[in-house]
Structure formats: structure tokens, C-alpha cells
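*Asks:* Take a look at the letters that make up each chain.
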Amino acid sequence: MNPYYLQIATGLTVSLVFSLLSIPFVIALSVKYNLVDKPNTRKVHQNAIPRLGGIAIFFSAFTGIVISRIGLDAIRYWPVLFSSLALVFLLGVWDDLTELNAKLKFIIQICLAVSMASTGIRLSSLYGILGIHELSVAWQYIVTVLIIVGATNAFNLIDGVDGLAGGLGLIGMLVLGCLAWRLRLYPLVIVLSAGIGSLFGFLRYNNSPARIFMGDGGSLVLGFILSSIGILLIEAARASPELIQPSKAAILVVAILVIPVFDTWRVFASRIRTGSSPFKADKTHLHHLFLIAGLNHRKIAFSLYSFEILLVLLALVLSNFNGVSIIIILMVGIAHVLTLVLRVNTSMEKWLAIIKKMEVE
Amino acid sequence: MHKKNQKKTKVAIIGTVGIPAKYGGFETLAEHLARHMSDDFQLYVYCTKKKYAKAQRQKTFLGARLIYLPMDANGISSIFYDCLSILHALFYADVLLVLGVSGGVLLPFIRRFTRKKIVVSIDGIEWKRDKWIRPAKLYLWWAEKMAVRYSHADISDNESIQDYTAYRYKTLSNIIEYGADHTLRVSPTAKDFETYPFLTAPYAFKVCRIEPENNIHLVLAAFSTMNGLPLVMIGNWENSEYGQNLRHQYAGHKGITLLNPIYDQAGLDLIRGNASLYVHGHSAGGTNPSLVEAMYLALPVLAFHVSYNKTTTEHKAWYFSTTEDIVRIVQGLTPQDLMQNAAEMKEIADRRYTWEIIAKKYIYLIRKALETNRKTKIRPDASNLKADSLLKMDMGHLINPSYFYEKEQ
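Chains as they are written, first to last, in the numbering used here: chain A, 1 to 361; chain C, 1 to 409.
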């Protein structure tokens with residue numbers, strides 16, 4: 001038997017139990033000190049709900065990691081990665097408590113991504129995406145920072161429906177966990193399984209109707225961990241391609257990030273096209289479009305989980321036959337068709353309201 | 001107009017169940033177009049084999065050639081039926097007169113790659129109707145856009161629909177309603193009084209498909225509380241749970257008579273033509289043929305309060321939104337009111353809703369489409385000039401023109 005099974009199972013169980021036990025405590029404290037998210041016109045929930053779930057997730061996962069020897073090894077091997085994670089977490093919690101300036105948030109995130117890239121966690125090749133392979137060092141930094149900052153904020157923005165960001169993050173960690181296992185990076189497997197355990201516990205309370213949100217302290221960390229460990233694993237595959245092809249690892253990482261990243265990119269692009277600031281919040285994200293189509297939170301979350309699983313399976317199967325570019329174009333194409341249908345639906349609903357008004361005039 | 005030896009323009013009429021008309025508004029329209037347009041154009045009408053048994057099929061009818069296709073013309077398969085009709089018509093026709101938007105998916109290609117002229121009647125706002133499932137609504141919503149954008153001319157049957165297309169597409173739709181002079185004035189015979197004892201006294205009348213969007217529940221609820229005027233209503237009660245429930249609830253009620261559909265014109269017109277008040281509950285579509293027909297039969301009209309019904313009746317009928325409205329209006333009616341309203345409705349119908357007038361409008365529109373390559377936009381071309389040049393030319397009002405659909409508040 002693999003000697004790591006026991007430690008991995010322990011990490012998973014400990015973090016799961018910890019988050020199940022600590023979240024009610026966080027809810028009670030938040031209510032007591034009035035640290036709740038009050039509904040506004042853009043938010044989709046009706047009641048004031050605590051949004052410090054990120055704290056419980058982070059500390060449950062942390063406990064699950066440090067309880068085992070190889071978990072501690074992980075922190076020892078990649079100190080900058082984990083200290084950056086801790087700083088992103090603090091940044092998120094800080095933002096949850098006092099709305100932070102968006103520019104400042106970006107600058108801090110970029111600094112953290114750069115410092116991580118400087119320790120070697122950076123993409124050295126695009127593995128044939130858009131026909132690009134090896135990257136020069138300058139481009140390695142630029143691409144890495146773009147991916148990490150992009151994914152971090154994309155997860156933050158998709159966190160608008162109960163269970164959505166948590167579930168997508170959980171599926172993503174599962175995929176990364178399998179990759180890490182395949183690459184025999186057992187310390188990372190521990191880290192990811194601790195994350196899975198604590199997210200699982202969190203989802204029990206975040207499922208619709210949610211009793212707690214993960215807040216920026218959760219969603220920023222999720223995006224950051226998925227993208228940075230994703231890059232780390234792609235580079236590990238490059239070092240030992242006999243375990244897994246680096247292009248296959250790259251496609252799998254794209255598959256778990258594509259939903260939030262594509263959606264953020266689409267929303268930003270359309271805001272720029274219409275001449276407004278890309279950071280001006282509105283109700284055009286994927287989950288808003290689903291809500292207009294009449295789906296409830298639970299259905300939206302499950303549709304998008306299934307969609308992400310479909311993309312992962314597609315990536316697994318097709319990477320045996322096809323080039324990287326084709327698969328990524330296909331994934332983005334599917335996401336595009338889905339949003340197109342939803343957008344047609346949204347404008348139809350808009351016109352329905354206009355006509356109703358015209359009819360009674 | 002045309003010399004004898006000159007070849008007539010070939011017009012294909014697409015999107016109906018077929019002629020001779022046995023069904024709804026578009027079929028009746030196609031039949032009367034065949035009657036009135038065959039002198040000017042060579043017409044081809046597409047019919048479905050599903051509704052015309054082999055023995056009933058004809059080569060020509062009223063001068064129009066008939067072409068039979070094997071699909072159903074209603075429901076989802078109407079999309080394929082319309083598309084196949086359009087593709088078939090490409091082989092010979094000069095003008096495609098497409099009734100309904102479900103073939104809209106093909107129009108961009110036809111506009112780009114052929115020189116056929118396309119005239120589309122967009123009917124009511126089909127994508128809004130409750131009878132469609134959501135994917136069908138989405139398709140129709142998009143197909144309407146294609147149909148309006150890529151046709152040479154489009155037809156609305158009501159001012160309110162014209163407002164809507166102007167607002168959504170910034171193009172000017174042509175209003176052509178329906179005719180009603182195929183209805184008959186039928187005097188009851190002794191036998192009719194036996195079959196329909198209610199004919200002896202005044203009664204209110206309503207005929208429609210039994211669907212919630214026709215507000216049958218409101219009308220029945222109102223008449224069940226009134227003692228005065230009884231209600232006679234014809235509809236396909238057994239087609240839906242909604243209808244069965246209503247029939248179950250109101251069938252035995254004194255003052256309410258519920259009848260099954262009557263498919264011959266004389267039988268229907270006997271009951272409807274002799275009514276004292278016509279109740280029109282339709283809330284969907286534009287100009288409803290049944291309302292136009294009632295007006296032509298000189299019936300006073302009590303209609304549901306939506307813009308389509310108000311424009312059809314030129315704001316001169318009575319309108320209701322609730323059960324209480326119906327009770328209040330009906331109880332306040334005097335014989336003089338009814339007579340005066342009947343005359344007003346008849347005047348409108350004689351002026352606007354005869355097939356000769358309708359056919360003339362179609363002929364005019366087809367001729368216009370033959371001569372143009374461009375759709376009528378509602379935005380004046382001059383408005384595309386730069387604002388300061390417009391100001392210099394004293395045409396500042398054209399910088400932001402106001403449009404007819406922007407009703408005064």
C-alpha cells in the first residue's frame with residue numbers, strides 16, 4: 001500500500017471535520033458582531049448573511065495540512081507559494097471587513113504573483129496553445145502574472161450564486177489532486193485534499209439557501225491556489241513527461257479555470273465595447289443570465305458543475321488525439337454557445353417586459 | 001398593367017396549412033389573396049399533405065398553383081415546413097411571400113446569394129406566446145430578427161406591432177390587417193331556434209381557442225355573477241386541462257352556454273351574427289381575425305384592454321382588464337349604446353377590413369419590393385450626418401429625431 005494513503009485520508013478528514021465544526025461558530029460570531037453581507041440591488045440574496053466563510057475554510061485546510069509530516073514538507077518546499085497564499089487570504093478578509101480600493105488589491109496581487117514566479121513557479125512554455133511553445137523569461141513572468149491575477153479575480157467574480165465558486169473550486173482541486181498524485185508530488189496531494197475536505201464542509205452550509213458565504217477571503221484564495229498550483233504541476237510534468245504529458249496537464253488546468261475566466265473576459269470585453277469601465281459592476285455574469293432564465297441557485301450551481309466536469313472529461317479524452325489549440329478552441333466555443341443562448345434569452349426577457357408595457361399603453 | 005404575352009411575376013405564398021382554407025387566419029388570407037391577386041401575379045401556394053387527404057388535393061385553386069409538402073405546418077415542424085417551402089420556391093419564384101417568421105433562419109442566405117425578393121408577414125409576436133417551450137421561443141425570437149432584417153419588406157397586422165418592430169429594429173413595417181367579408185349574415189330558421197333555444201333572446205357571444213391568454217376565466221367568472229345578459233361561448237374545451245376545468249366549473253350555470261367548435265362558416269355565423277354583444281378576450285397576437293369578423297358582422301365589441309385590440313377597434317369599443325370591469329360595463333349597457341357601437345364597428349370594418357382592400361395592399365407592397373433593394377428605415381438618412389453640419393443647415397432637429405412609437409406621456 002502506498003505509504004501516503006493514511007496521511008492523505010487524515011488530512012482530508014481532519015479538515016472536513018474542522019470546517020463542519022467551525023463554520024457554525026463563524027456564523028454565530030459574524031451575526032453577533034454584525035459582519036454580514038447586506039443585500040443590495042446587484043446581490044442576489046435577500047437576507048443579511050455572514051461572509052467570512054473564507055476564514056473557516058482557510059484554517060480548516062491549514063489544520064489538515066500541518067497535522068501530517070508531508071503536509072509540513074509542502075510548506076517547507078514551497079515557502080513563497082504558501083506565504084503568498086496566506087497574504088492573499090489576509091487581503092481577502094481585509095476586503096470583506098472594509099471594502100478595499102480595487103487598484104490596491106490588484107497591485108498586491110501582482111506583487112505576490114511576481115514573487116512567486118521568481119521562485120520558479122512560472123509557465124515556461126505555452127505547450128502549443130496558439131502555436132506558441134517556449135517563452136522568453138520576460139514573457140514567462142507576464143503570462144504567469146496574467147493567469148494568476150486573472151484566475152484569482154475571476155473566481156471572485158463568479159462567486160455570486162450559492163455553492164457555485166465552492167463547487168467549481170472543489171472540482172478543480174480534485175483534478176489538480178489527481179495530477180499531483182500522478183506526478184508523485186504527495187505533499188501537494190495533501191494540500192489539495194485538505195482544501196477539498198474544508199470546501200466540502202463549507203458547501204454543506206453554502207448550499208442554497210446559503211447560511212454563509214466564502215467572501216473574498218475564500219474566492220480570491222481559491223482562484224490563486226488553483227492557478228498557481230496548476231502552473232506548478234504543468235511545470236512538474238515538463239520535468240517528468242514520462243509520468244504525464246505537459247500538454248495534457250496544461251489542458252486539464254485550462255479546463256478547470258475556463259468557466260470563470262471566460263466569463264470574466266466576456267463581461268469585461270462587453271463593458272469595454274459599450275464604453276463603460278470594465279470594473280463597473282452589473283448583472284451580466286453567467287450566473288445572472290442563468291437567474292434570468294428562471295433557474296434557481298441549486299440548479300445553476302449543478303449545471304455549471306456538470307459543465308466543468310464535461311470540460312474535464314473532454315480534455316482527458318481529446319488530449320489523446322488532438323492538438324492543444326483545437327481542444328481549447330473547442331472548450332471556449334462550447335462556453336461561447338452556452339452564453340450566447342443565455343444572452344439571447346436575457347434580451348428576449350428584456351423585450352418581453354418592454355412589450356408588456358407597450359401593450360397596456 | 002401586364003400585356004397578355006408578358007410573363008407574370010411569380011409569387012410563392014409560404015407558411016400556411018394550405019388552401020382551400022379550412023383553418024385559421026393565414027389560410028383564409030391566402031385563399032383571398034389567390035382570389036384577388038391571380039390577375040396580377042402567378043401565385044403558388046404551399047400546402048401540407050397532413051391536412052389534405054389525397055382525394056382533396058388539387059393542382060390549382062382560384063388560379064393559384066398548389067404545391068404539397070409532407071410535413072405538418074403547425075408546431076415545431078412548421079420550422080422545417082417553412083424552410084423546405086422557401087428552398088423549393090427558390091427554383092422558380094420571383095417573390096417569396098412568407099407568412100410567419102419560423103423560416104427566418106434561411107433568409108440571410110437568400111438575401112445574400114439570390115436576387116429573390118422577400119416579403120415577410122411577422123404575424124403577432126409569436127415568440128411571446130405561452131404555447132411554445134422555451135427553446136422554441138428563443139428560436140422564434142431570433143428568427144423574427146432575421147426575418148425583419150433580411151426581408152425587402154415586412155408586414156405587421158397591427159399598429160402596435162409596427163411600433164414594436166420600429167422600436168426593436170428601427171425599420172418601418174407595413175400594416176396590413178385581415179379581411180372579414182367572407183362572413184355571412186344568417187337568419188335563424190325555425191329549426192335553428194329548436195337547436196339553439198338561446199337565439200330567441202339577446203345574448204353575449206365569444207369564440208376562441210381555449211387558452212389562458214384569451215382570458216376565458218375572466219369572462220366566465222363575470223357572466224356567472226350577472227343575471228342580465230346570458231353568454232354563449234364556442235371553443236375547444238376538451239383540448240387542455242384549463243378548458244376541462246372551466247367547462248366543469250361553469251357548464252351547468254344558468255346564463256352560460258358552452259358549445260363545442262363549429263367548423264362550417266354558416267353554422268358559426270348563425271350564432272355569432274345574431275348575438276347582441278361580442279366579447280373578445282384575446283391578449284396576444286396583433287389584429288385578431290375573429291375580432292375583425294365580429295366587427296364586419298356589426299356586433300358591438302367588448303374587448304380585452306391591450307393595445308392590439310384598441311387599435312383594431314380604433315379605440316371605440318369597450319375594454320376590460322378584470323372581471324369587475326366586465327360586470328360594470330355590461331350592466332351599464334343600454335340598447336342605444338349597443339346600436340351605436342355596432343354601427344361604429346361596422347363602419348371601421350367596411351372601411352378597412354375587406355379582402356379587396358387587403359389584397360390591394362399586398363399587391364402594392366409586392367410591387368414596391370420588386371422595385372427596391374432597401375428596407376424602409378425609420379431613422380432619416382440625414383440624421384447620419386455630423387451634428388454640427390446639421391446645425392449649420394438649420395436641421396438640428398434631425399440630430400436626435402423622435403420616433404412615432406415614442407408615445408406622448
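No wet-lab data here; the hints were simulated from the structure.
Glycine is no exception: its CB is placed at the ideal position from the N, C-alpha and C atoms.
Among these hints, one or two may not hold up.
With a straight-line cut-off of 25 Å between C-alpha atoms, the simulated DSS-like cross-links for lysine-lysine are [claimed, not checked]: (1) C:K368 / A:K356; (2) C:K116 / C:K316; (3) C:K316 / C:K375; (4) C:K59 / A:K357; (5) C:K346 / C:K360; (6) A:K356 / C:K137; (7) C:K22 / A:K350; (8) C:K375 / C:K170; (9) C:K145 / A:K350; (10) A:K350 / A:K103; (11) C:K254 / A:K350; (12) A:K356 / C:K8; (13) C:K51 / C:K8; (14) C:K191 / C:K116; (15) C:K360 / C:K8; (16) A:K357 / C:K316; (17) C:K128 / A:K350; (18) C:K7 / A:K356; (19) A:K356 / C:K346; (20) C:K375 / C:K22; (21) C:K50 / A:K283; (22) C:K7 / A:K283; (23) C:K386 / C:K7; (24) C:K128 / C:K8; (25) C:K137 / A:K357; (26) C:K50 / A:K357; (27) C:K131 / C:K49; (28) C:K377 / C:K170; (29) A:K357 / C:K7; (30) C:K10 / C:K368; (31) A:K350 / C:K377; (32) A:K356 / C:K10; (33) C:K131 / A:K350; (34) A:K357 / C:K22; (35) A:K299 / C:K137; (36) C:K145 / C:K116; (37) C:K346 / A:K357.
Computed from the model, here is a short list of chain C residues facing chain A with C-beta under 7 Å [said to hold, decoys possible]: (38) L138; (39) Y139; (40) V306.
*Asks:* Each hint: holds or not?
*Replies:* Results of checking the hints against the structure:
With a CA separation close to 33 Å, the supplied pair K368 of chain C and K356 of chain A exceeds the 25 Å bound. Restraint check for K116 of chain C and K316 of chain C: the C-alpha separation of about 41 Å exceeds 25 Å, so the hint is violated. A distance of roughly 33 Å separates the Cα atoms of K316 of chain C and K375 of chain C; the hinted pair therefore is violated under the 25 Å criterion. With a C-alpha separation of about 47 Å, the suggested pair K59 of chain C and K357 of chain A falls outside the 25 Å cut-off, and the hint is violated.
This hinted pair checks out: K346 of chain C and K360 of chain C have alpha carbons roughly 20 Å apart, not beyond 25 Å. Annotation: proposed proximity of K356 of chain A to K137 of chain C holds, straight-line Cα distance about 16 Å (limit 25 Å). Proximity of K22 of chain C to K350 of chain A is assessed by CA-CA distance (about 37 Å); at most 25 Å being required, the pair is judged violated. Restraint check for K375 of chain C and K170 of chain C: the C-alpha separation of about 10 Å stays at or below 25 Å, so the hint holds.
A C-alpha spacing of about 15 Å is found between K145 of chain C and K350 of chain A, which places the hinted pair at or below 25 Å, so the restraint holds. With a C-alpha separation of about 34 Å, the suggested pairing of K350 of chain A with K103 of chain A is violated against the 25 Å cut-off. At roughly 44 Å between alpha-carbon atoms, K254 of chain C and K350 of chain A are farther apart than 25 Å, so this suggested pair is violated. In summary, the hint linking K356 of chain A to K8 of chain C is not supported, as the alpha carbons are separated by about 44 Å, beyond the 25 Å threshold.
With a CA separation close to 30 Å, the supplied pair K51 of chain C and K8 of chain C exceeds the 25 Å bound. Simply put, K191 of chain C and K116 of chain C have alpha-carbon atoms about 54 Å apart, too far for the 25 Å limit, and the pair is violated. With a C-alpha separation of about 17 Å, the suggested pair K360 of chain C and K8 of chain C falls inside the 25 Å cut-off, and the hint holds. Under the criterion of a C-alpha separation no larger than 25 Å, the hint pairing K357 of chain A with K316 of chain C is consistent with the structure, at around 21 Å.
Using a Cα cut-off of 25 Å, the hinted pair K128 of chain C and K350 of chain A holds, with the two alpha carbons roughly 12 Å apart. This hinted pair does not check out: K7 of chain C and K356 of chain A have alpha carbons roughly 47 Å apart, beyond 25 Å. Restraint check: the Cα-Cα separation between K356 of chain A and K346 of chain C comes to about 29 Å, which exceeds 25 Å; the hinted pair is violated. Distance hint between K375 of chain C and K22 of chain C is unfulfilled; the C-alpha atoms sit about 34 Å from each other, more than 25 Å.
Distance hint between K50 of chain C and K283 of chain A is unfulfilled; the C-alpha atoms sit about 47 Å from each other, more than 25 Å. Note on K7 of chain C and K283 of chain A: the hinted pairing is violated, with a Cα-Cα distance of about 58 Å set against a maximum of 25 Å. Note on K386 of chain C and K7 of chain C: the hinted pairing is violated, with a Cα-Cα distance of about 47 Å set against a maximum of 25 Å. For a cut-off of 25 Å, the pair hint linking K128 of chain C to K8 of chain C is broken: about 38 Å separates their Cα positions.
For the proposed pair K137 of chain C and K357 of chain A, the alpha carbon gap of about 19 Å is at most 25 Å, so the pair holds. At roughly 39 Å between alpha-carbon atoms, K50 of chain C and K357 of chain A are farther apart than 25 Å, so this suggested pair is violated. With a C-alpha separation of about 24 Å, the suggested pairing of K131 of chain C with K49 of chain C holds against the 25 Å cut-off. Between K377 of chain C and K170 of chain C, the direct Cα distance comes to roughly 6 Å. Compliance with the 25 Å bound is thereby established for this hinted pair.
About 48 Å separates the Cα atoms of K357 of chain A and K7 of chain C, which puts this hinted pair outside 25 Å; it is violated. Under the criterion of a C-alpha separation no larger than 25 Å, the hint pairing K10 of chain C with K368 of chain C is consistent with the structure, at around 15 Å. For the proposed pair K350 of chain A and K377 of chain C, the alpha carbon gap of about 23 Å is at most 25 Å, so the pair holds. A hinted pair counts as satisfied when its Cα atoms are at most 25 Å apart, and K356 of chain A with K10 of chain C does not qualify at roughly 39 Å.
Of the pairs offered as hints, the one joining K131 of chain C and K350 of chain A holds, with about 19 Å between alpha carbons and a cut-off of 25 Å not exceeded. The suggested pairing of K357 of chain A with K22 of chain C is violated, with an alpha-carbon distance near 35 Å, which exceeds 25 Å. The hinted pair formed by K299 of chain A and K137 of chain C meets the criterion: a straight-line CA distance of about 21 Å does not exceed 25 Å. Under the criterion of a C-alpha separation no larger than 25 Å, the hint pairing K145 of chain C with K116 of chain C is consistent with the structure, at around 19 Å.
Distance restraint check for K346 of chain C and K357 of chain A: the Cα-Cα separation of roughly 30 Å exceeds the 25 Å cut-off, and the hinted pair is therefore not satisfied. Given hint, L138 of chain C at the interface with chain A, holds; its Cβ is 5 Å from that chain's nearest Cβ, closer than 7 Å. Look at Y139 of chain C: its Cβ only gets to about 9 Å from chain A, farther than 7 Å, so that hint breaks. The interface hint given for V306 of chain C holds, since its Cβ lies 5 Å from the closest Cβ of chain A, which is under the 7 Å cut-off.
Comparing the model with each numbered hint stated earlier shows that hints 1, 2, 3, 4, 7, 10, 11, 12, 13, 14, 18, 19, 20, 21, 22, 23, 24, 26, 29, 32, 34, 37 and 39 do not hold.
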